[in-house]
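Taken in order, these protein sequences are the chains called A and B. With the numbering used here as the guide, the letters of the first sequence map in order to residues 1 to 517. With the numbering used here as the guide, the letters of the second sequence map in order to residues 1001 to 1155.
Hints listed in this document are in silico derivations from the structure and should not be mistaken for laboratory results. The reader is advised that the hints may include incorrect statements.
[What the hints assert, rightly or not] Chain A is faced by these chain B residues, among others (derived, beta-carbon under 10 Å):
# : residue
1 : A1029
2 : F1033
3 : G1039
4 : E1077
5 : A1078
6 : A1089
7 : A1100
[Claimed, not checked] Chain B is nowhere near these chain A residues, computed Cβ spacing over 10 Å in every case:
#  : residue
8  : L7
9  : L14
10 : R28
11 : W32
12 : L42
13 : A59
14 : R110
15 : G164
16 : V187
17 : G210
18 : G416
19 : P448
20 : E456
Note that the Cβ used here is the ideal one computed from N, Cα and C, for glycine as well.
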Amino acid sequence: MGAYLPLFVALPLLAGFACLLLKRAAPRAAPWLSVASMLGLLALAAVAVARRDAGVTFAGGWGVSGWGGNGGADDVVFVVGIALVLDGLSRLFLLLVALVGTASAVYALRYLEPEAGRPLFHVLFNLLVAGMNGALLAGDLFNLYVFVEVASIASYGLVAYRTGGTEIEAAFKYLVLGTLASTAILVGVTVLYAATGYLNMADLGVAIAGGAVPRLPLLFAAALFLFGFGTKTAAMPFHAWLPDAHPSAPAPISAMLSGLLIKTLGIYALARVFFVVVGADEQVRLILTLLGCLSMWGGVLLAQAQDDLKRILAYHSVSQMGYVLIAFGVGTWLGVAAGLFHAVNHALFKSALFLSSGSLERLTGTRRLSEMGGIFRRAPATSVGLVGACLSIAGIPPFNGFWSKLLILIALVSAGQPVVALLAAGAALMTLVTFVKVQRKAVFGALPARLANAREVPAAMYLPVLALVVLCLLSGLLWPLGVDGVIGAAASSLRAGAGERPAASEYIESVHGRGSR
Amino acid sequence: MRSDRDGLSAIVQVVARWTLVMIVVYGLAVACFGHLTPGGGFAGGVALACGFVLATLAFGGGSGPAAALHRRVAALEASGALAFLGLAALGWTAGHFLQAWTPRGAAFTLVSAPFLVLINLAILLKVGAGLFAGFMVLVLFDRGLAPTGGGEGET
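Throw the hints in and build the complete structure from the sequences for me.
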């Protein structure tokens, strides 16, 4: 198994650089190359999830022979290469990246049509996907860092893509904070490497569980990771870049950034590093809960004051990541599973919302809610997509947002944290209020005179949104079927059960069980 | 005032023509012998990019030998990356992505590991063109910020 894993990184890289090479020969091929690479990734991820593949493969599995040996296969002492690890958690996120990536690439076909001759967008888009997939598969902390940087640098470029004053300012702010975060991550990796001599996450997890790292360096590394990956997640004290950066990017990229990037570089990496490597003891979980509560309420309150639709959505990304953090803070299997479920749901509905915001901007020529209104009759498909996504994020049954928020509440109450549960329920109510307002102002109400001739966006722009909304509905209705196979497998990969040391997780077993050859 | 299309004086251009050859050869050597001596594709690529920068400074960006390079820098960079991917993908024929699939030669010679030489050359192209593109972007950015359109020395 697993020989195909490098394809998850190689395929988008191939598409990205082919876009650049074909700039003159076939300038209109770039958008289609992006769609093709995303469809290929979707097929690969679907196969991985359906077969429940797990285990290790090496990019560059170079056998190191014994001294004086002939270098033949019989003489191999150990294998050197970049370990790529597939487990329940990375499968889930790979599928998510492919789903949202496909929707965004299809949306970009028509959305970016006026700029079809410029392949730069598609080069960066594919690099972003390659970086995220690489981070999901990396088996060691250093490659995790490298791929986090690849994806981050591509995203800085994409935020600045429109090259207006606001965009450059947002990208610069994002660049500075993002680089600080990456540096903190690198220093954290260095501390753990100096203390143990390992970079491999599974080996590190076992070594740290065995007490290989003294308490102070371990806390220092944990703090650096919390800051670094917390910034990538845009958790509340580290969120300042997100409300500028995400709205500045073109709509398909806002969808990728808010839907995927803060989860693959933030949530996934936090989960991996804290549950597998450093260990999520009570202190860490308390901090996660505090950060979560702060993000949940801070994001939702700051969103109330906004009039720009994309900024409202961006602040809600901060708020929704808060739910995932408090769920991780619970630390039980149910808590982790509920948090991951919510992260998946958020990826689906937030990317649908950002894509809708792009369509609305195209339809109405503005992002200000106060200048929109009554477009339901003019653009029914766009409106249905937006309303569906709003219902999902607001937590209206039977949409998926309701179930994951409910599961988080159940996990909180059953772990004896009723106060946090109350806070979460309150923030959910505030989210509902915001998105009722968004619907009321954007879709229903009176049509302003200047929009009397507004026309529905092309099908390639509303179909991806509708597809994501249908996925929201399906994952809301059918989630009990997928809990064991997909979400549960991801949670088990992090945590065999409440209170166990990280060394017991299935991730480490799958690396150590099949990795040595 | 000199237009930046002219490049620098004839003395500089003559010296640059000589040193340019040496810099490019040095970059290639650092890359090719990367598996035997300190260096490799990245270090060689940095040397190569310095050569490109020298060519631009000496001969100007608008015309001359550097101009052809300017038009193709993106394609060169993409070719380097695609060559790396292609070489790595051929590794599947030997079992793994990025596996050394070429036959081995005698130890401590250039062809002891032909795969590494090829990979290093691909990296040389990617890094050389990439760093040079970065240099050009900075130059363009500087011009964009200077509304007079001239260099800083003229104001």
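Now the hints, each set against the structure:
Violation of the interface hint for B:A1029 is found here, the shortest Cβ-Cβ separation to chain A being roughly 24 Å, above the 10 Å cut-off. Taken as an interface hint, B:F1033 does not check out: its beta carbon lies about 19 Å from the nearest beta carbon of chain A, beyond 10 Å. Nearest Cβ of chain A to the Cβ of B:G1039: about 19 Å, over the 10 Å cut. The hint is violated. The beta carbon of B:E1077 is positioned within 10 Å of a beta carbon in chain A (closest approach about 7 Å), and the interface hint is therefore held.
The restraint placing B:A1078 at the interface with chain A holds, with a minimum CB-CB distance near 4 Å, inside the 10 Å limit. A least Cβ separation of about 7 Å between B:A1089 and chain A falls short of the 10 Å threshold, and the interface hint therefore holds. The beta carbon of B:A1100 comes within 6 Å of a beta carbon in chain A, closer than 10 Å, and the hint placing it at the interface holds. In this structure A:L7 is not separated from chain B by more than 10 Å, as the shortest Cβ-Cβ distance comes to only about 8 Å.
In this structure A:L14 is not separated from chain B by more than 10 Å, as the shortest Cβ-Cβ distance comes to only about 6 Å. Non-interface status of A:R28 relative to chain B is upheld: no Cβ of that chain comes within 10 Å, the nearest being about 17 Å off. A cut-off of 10 Å between C-beta atoms confirms that A:W32 is not in contact with chain B; the least separation is 17 Å. Distance to chain B confirms A:L42 as a non-interface residue, since its nearest Cβ pair spans about 20 Å, more than 10 Å.
Its closest Cβ contact with chain B, about 5 Å, brings A:A59 to no more than 10 Å, contrary to its assignment away from the interface. Residue placement check: A:R110 keeps its beta carbon more than 10 Å from all beta carbons of chain B (closest about 25 Å). Distance check on A:G164: its Cβ is at least 13 Å (rounded) from any Cβ of chain B, clearing the 10 Å threshold; non-interface status holds. In this structure A:V187 is separated from chain B by more than 10 Å, as the shortest Cβ-Cβ distance comes to about 22 Å.
The Cβ of A:G210 sits about 31 Å from the closest Cβ of chain B, beyond the 10 Å cut-off, so the non-interface label holds. Remark: the non-interface label on A:G416 is consistent with the geometry, its nearest Cβ contact in chain B lying 48 Å away (cut-off 10 Å). Against the 10 Å criterion, A:P448 stays outside the reach of chain B, whose nearest CB is about 38 Å from its own CB. Non-interface call for A:E456 relative to chain B: holds, since the shortest CB-CB distance, roughly 37 Å, exceeds 10 Å.
In terms of the numbered hints stated before, the structure departs from hints 1, 2, 3, 8, 9, 13, listed from lowest to highest.
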